[in-house]
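Protein chains in written order, with the numbering used here: chain A, 1 to 127; chain B, 1 to 127.
Some clues are possibly wrong.
Restricting the straight-line Cα-Cα distance to at most 25 Å, the calculated cross-link-like pairs of lysine to aspartate or glutamate (DMTMM-like) are [said to hold, decoys possible]:
#: 1; chain 1: B; residue 1: K26; chain 2: A; residue 2: E37
#: 2; chain 1: B; residue 1: K49; chain 2: A; residue 2: E37
#: 3; chain 1: A; residue 1: K104; chain 2: A; residue 2: E86
#: 4; chain 1: B; residue 1: K49; chain 2: B; residue 2: E86
#: 5; chain 1: A; residue 1: K49; chain 2: B; residue 2: D19
#: 6; chain 1: A; residue 1: K104; chain 2: A; residue 2: E28
#: 7; chain 1: B; residue 1: K49; chain 2: A; residue 2: D107
#: 8; chain 1: B; residue 1: K26; chain 2: B; residue 2: E41
Label-pair distances were calculated between CB atoms; the ranges are [unchecked claim]:
#: 9; chain 1: A; residue 1: E25; chain 2: B; residue 2: W91; range: 26 to 36 Å
#: 10; chain 1: B; residue 1: L36; chain 2: A; residue 2: K99; range: 31 to 41 Å
#: 11; chain 1: A; residue 1: T111; chain 2: B; residue 2: R102; range: 39 to 49 Å
#: 12; chain 1: B; residue 1: D107; chain 2: A; residue 2: K26; range: 28 to 38 Å
#: 13; chain 1: B; residue 1: D19; chain 2: A; residue 2: D107; range: 37 to 47 Å
#: 14; chain 1: A; residue 1: S51; chain 2: B; residue 2: G39; range: 12 to 22 Å
#: 15; chain 1: A; residue 1: R87; chain 2: B; residue 2: K104; range: 23 to 33 Å
In short, the hints are calculated from the structure, not lab data.
All residues carry an ideal CB built from backbone N, CA and C; glycine is no exception.
Protein chains: 2
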Amino acid sequence: MVNALGRHILAEVHGCDFDLLNDVEKVEEIMVNAALEAGAEIREVVFHKFSPQGVSGVVVISESHLAIHTWPELGYAAVDVFTCGERVNPWDACNYLAKGFRAKSVDARETRRGTMYSTPQKEAVNL
Amino acid sequence: MVNALGRHILAEVHGCDFDLLNDVEKVEEIMVNAALEAGAEIREVVFHKFSPQGVSGVVVISESHLAIHTWPELGYAAVDVFTCGERVNPWDACNYLAKGFRAKSVDARETRRGTMYSTPQKEAVNL
Chain A
1 MVNALGRHIL AEVHGCDFDL LNDVEKVEEI MVNAALEAGA EIREVVFHKF
51 SPQGVSGVVV ISESHLAIHT WPELGYAAVD VFTCGERVNP WDACNYLAKG
101 FRAKSVDARE TRRGTMYSTP QKEAVNL
Chain B
1 MVNALGRHIL AEVHGCDFDL LNDVEKVEEI MVNAALEAGA EIREVVFHKF
51 SPQGVSGVVV ISESHLAIHT WPELGYAAVD VFTCGERVNP WDACNYLAKG
101 FRAKSVDARE TRRGTMYSTP QKEAVNL
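For reference, chain A alone in the conformation it holds in the complex (with noise of 0.2 Å):
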């Protein structure tokens, strides 16, 4: 496997309630739930409604970011789980949320980011 700095999921999120998806509020509990069923460490929310319908929002985390943009007419968002270092998985964010909006299928992609760099690697001990 690559080294890398980050790992940057862009999910395809298909299936989705109009309703859900179009609710400011349960999308930006959902983003937040996902962010911390992964175990990062949130840092600014920030969630917009557009008019007629959909919902733009960002959950700024200290190992990166997650996103999302909402298109409740089509059920579909596009969402980014982006995440740094080792302590953070973005699959475990990823696959709440795609529960959280009852999603009937989600084509995810992990891309690794940084990839100029290696990752400081771990201190072998007791070997």
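For chain A, the structure is supplied; the task is to place chain B on it using the hints.
Chain B only, in chain A's frame:
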């Protein structure tokens, strides 16, 4: 070209000065101006300075978002420019910020988001 709801550029920005990548006000200024350069409508701006170094921040725009995470000690920043619709070109923002950060190199690639859905076709007029 595949129809898509959004265009998402993931940019690996290398060879920047430590002091610039560690200056939260300058990083915010460059990212906000990059959004404006592309003609985006800014909705929310949140930036955070980490100790001992590093900046994370997001500019939420009507057309989606811009995000950045900097590693000043490596001269590196991971940048996202995600835009929806035909009006805003994410490459305008990407090119602007590459200059703003005086990057020695930028490895940027565009990913289409929401490719299951067609963007509205413009009407053919006077053909």
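Results for each hint:
| no. | hint | result |
| --- | --- | --- |
| 1 | B/K26 - A/E37 | 33 Å, violated |
| 2 | B/K49 - A/E37 | 24 Å, holds |
| 3 | A/K104 - A/E86 | 30 Å, violated |
| 4 | B/K49 - B/E86 | 33 Å, violated |
| 5 | A/K49 - B/D19 | 36 Å, violated |
| 6 | A/K104 - A/E28 | 20 Å, holds |
| 7 | B/K49 - A/D107 | 33 Å, violated |
| 8 | B/K26 - B/E41 | 20 Å, holds |
| 9 | A/E25 - B/W91: 26 to 36 Å | 35 Å, holds |
| 10 | B/L36 - A/K99: 31 to 41 Å | 38 Å, holds |
| 11 | A/T111 - B/R102: 39 to 49 Å | 25 Å, violated |
| 12 | B/D107 - A/K26: 28 to 38 Å | 37 Å, holds |
| 13 | B/D19 - A/D107: 37 to 47 Å | 41 Å, holds |
| 14 | A/S51 - B/G39: 12 to 22 Å | 20 Å, holds |
| 15 | A/R87 - B/K104: 23 to 33 Å | 31 Å, holds |
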